[in-house]
Amino acid sequence: MALITDNTRSEVTEIVYDFFADECEVDKSRITDQTNIIRDLDGDSLMFLELIEIFKKKYSLDIELKTIGKYAVKHPVETIGQLIDMQMLIIEHENRILELA
Amino acid sequence: MPPSRIAFVFPAFVRDYQDDRSLSIPGFTQHFSELLIRASHLVDPELCFFDAREQNFLDHELRTQYIAYIHGCTSAFILEAQGLHPHYLSGYSMGIYAALVHGGAVTFEDGLLLIRHAFQEISYTTLTGRFGMAGIVGLTEQDLSPILARFPEVELTNQNSAYSVVLSGRQHHLEQVLEFAREEGAFHTRMLNVTVPYHSHLLKSAALEFARFVYTRDIKCLKLPVVSVLTQQILHSPEDIKTELVENLYKHFNWLKAQEKMQKLGVSLFIECGPGRNLTKNARFIPGEYVFKIPFDALAD
Numbered sequence: 006m007a008l009i010t011d012n013t014r015s016e017v018t019e020i021v022y023d024f025f026a027d028e029c030e031v032d033k034s035r036i037t038d039q040t041n042i043i044r045d046l047d048g049d050s051l052m053f054l055e056l057i058e059i060f061k062k063k064y065s066l067d068i069e070l071k072t073i074g075k076y077a078v079k080h081p082v083e084t085i086g087q088l089i090d091m092q093m094l095i096i097e098h099e100n101r102i103l104e105l106a
Numbered sequence: 407m408p409p410s411r412i413a414f415v416f417p418a419f420v421r422d423y424q425d426d427r428s429l430s431i432p433g434f435t436q437h438f439s440e441l442l443i444r445a446s447h448l449v450d451p452e453l454c455f456f457d458a459r460e461q462n463f464l465d466h467e468l469r470t471q472y473i474a475y476i477h478g479c480t481s482a483f484i485l486e487a488q489g490l491h492p493h494y495l496s497g498y499s500m501g502i503y504a505a506l507v508h509g510g511a512v513t514f515e516d517g518l519l520l521i522r523h524a525f526q527e528i529s530y531t532t533l534t535g536r537f538g539m540a541g542i543v544g545l546t547e548q549d550l551s552p553i554l555a556r557f558p559e560v561e562l563t564n565q566n567s568a569y570s571v572v573l574s575g576r577q578h579h580l581e582q583v584l585e586f587a588r589e590e591g592a593f594h595t596r597m598l599n600v601t602v603p604y605h606s607h608l609l610k611s612a613a614l615e616f617a618r619f620v621y622t623r624d625i626k627c628l629k630l631p632v633v634s635v636l637t638q639q640i641l642h643s644p645e646d647i648k649t650e651l652v653e654n655l656y657k658h659f660n661w662l663k664a665q666e667k668m669q670k671l672g673v674s675l676f677i678e679c680g681p682g683r684n685l686t687k688n689a690r691f692i693p694g695e696y697v698f699k700i701p702f703d704a705l706a707d
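As you go down the protein sequences, you meet chains A and B in turn.
Each position in the first sequence, counted from 1, maps to that position plus 5 in the numbering used here.
Each position in the second sequence, counted from 1, maps to that position plus 406 in the numbering used here.
Calculated directly from the structure, the hints in this document are not laboratory data.
Any given hint could turn out to be false.
As the list claims (entries may be wrong) - Computed beta-carbon distance windows for the label pairs:
1) A:LYS79 - B:LYS648: 49 to 57 Å
2) B:ASP703 - A:LYS79: 35 to 43 Å
3) A:LEU94 - B:SER430: 41 to 49 Å
All values reported here derive from a predicted model rather than from experimental measurement.
The C-beta atom is built at its ideal place from N, Cα and C for all residues, glycine as well.
Just chain B, with the same shape it has in the complex (with noise of 0.2 Å):
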């Protein structure tokens, strides 16, 4: 029996590219191809020279985020070509730019420079202290609260699922919250790729002055509805998506209530267009009626 929903969901980033099946779609590198010439004349030129076989960029923060950006919008694109078609569409963190774009709103060009735009808005931050985000896995919220209460300044960014969550803060408090949450039995810890504090109130400056680009932007109605990480509410006018882009950067976001909220919706069959499983993994703890694939294997159903 099909499914009777569909949603497309996008990641931020790449951890690596040992999971990405990609590659065997038809049409999938061509595409992915094309578009990467397209984003290395706008914005990078190294990026004609990535290679997924050689693990490039994954060093590189900007470029990872560009590269999962393609990604993105290549699978989303060969799946609507293969016949899948989404009801949804949601961005984890900076997944939302993917989002945008197979929704209508903006140009792949336009993604590319709100992605470049915030990443330089946000380095500026970087320039103040080490900061970063941690990942903790085995512990509940109220377990990390007693922890989280001793170090103010680090903010509980985002929940994956009842038993997996996402700090941000500066680098030493972080890794002092991780030591504490092993102690208090976390199953796993560890410091996250990344040196900017995504979704904490430190971007807030930051995002304020990312505002300024985003509301130059033609940024249009969406075709297709996109669900909101950080309100879970469906995201329609351009109104909206210029003030979830600019909220994005310094608010917390809640990826279990987004999925939740998904599936209330009648979301059974989710699609992570991106080069992991990551969000397909973390689905395994967030109970309901649904499967989660990547495209390689809903394309071969």
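Bound conformation, chain A alone (with noise of 0.2 Å):
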């Protein structure tokens, strides 16, 4: 299990910044965590499993994907703050996470 410090969520908030400005030639400026990922940055679902890989490898987690599909399936994420709460519970829980919902 990661341990989780004071600089992880904006460590994680960095990363998702980054990447999705990156991914969809956006500036990072134009990203907010009420941006929309589909409607604003035309992002997708590849995109999404990418930036779980990135995370699984970061932060060494013992997490299957299809884990995070059903969570996800009852706590959809349309937002980046929303993809950063659920990267965060992510990092905290790992296979667990399905316990909290």
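Got two chains here, separate frames each, mind docking them using the hints?
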């Protein structure tokens, strides 16, 4: 399980913002927590998958993709802020995230 | 440092033209228009009215296939003219026709006729019911096995990467499979915009009829090797190619393995010769030391 520190949220936020700015070829300053990933950034599910892989490697997470998928069905993510919130839960709870649902 | 090997890869269909930056490549529009006119004279007069900015023909299965083909042929021609020479070619599903044209095995016109005949034959299958294809992202083949066991007529016809697969079958079966897949934790599921169960056993009789046409064509030896997405072997002879064309309609393929094969052959630069960037996006999930680009970016370097 990854150690959550005061810096973890800002680290995750930085990675998410940089990722979408790069992938969607938009200026990072245009992205906010309220930005809609599909509507505003033309994002897709493969991007979401790629981001999860980045976090799995960075924090050595023990979580199956389908577990995240099951959680996401009940807690759909639309905005950058919601994605960051979910990512924090994944880092904190890993495969036990479903117990939160 | 220049890449050690280059592969041109050709997609099958078009979803939209939003990502298409080819129109900004010098010479692209002129060559594309010339091929459009040749195609409109031979197979479909409507093709000469195509305008990417208007997102034409996206709801017309055969025309989008023609456009992807013409785009692929144009992209490969322009890349070569600008000094980018491929060592290998490969066609994703129906992208094989553009790969064979660029490899010198069939003429541009014969490629069009092959596409038209294949589509005509397989269209008869769709008269017997509602069929289609579906994509699932986020589950492995292993995750899907218990679901597919309940739907024996649905086939896993392609694996794009470890977490992305394509299915073919009857539409109502596919819709049920997608529902179960979502419950199982799939990130994304969708019916593809096709009415044909490509690469499934349902097309076997159509493929045999298509073979009658294929074996009348003057197919030459390839000047550039084409990697089969069905077997991952390298195609050489006209016999290899004819067999591949027929089996490509009803046999499963594996894009993941085809790309891995090209990587083993030393390919470190893949260029997606088509209007989208689906293969480029998919490549993020196939590990290895390589880059995947669209023609505009490859020429900009």
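Consistency of beta-carbon spacing, LYS79 of chain A to ASP703 of chain B, with hint 35 to 43 Å
Between ASP703 of chain B and LYS79 of chain A, where Cβ atoms are some 39 Å apart, the hint holds.
Cβ separation of LYS79 of chain A and LYS648 of chain B, checked against the hinted range 49 to 57 Å:
Given range 49 to 57 Å: holds, Cβ gap about 51 Å.
Do the Cβ positions of LEU94 of chain A and SER430 of chain B conform to the proposed distance bound of 41 to 49 Å?
With Cβ atoms ~43 Å apart, the hint holds.
The structure meets every hint from the earlier list without exception.
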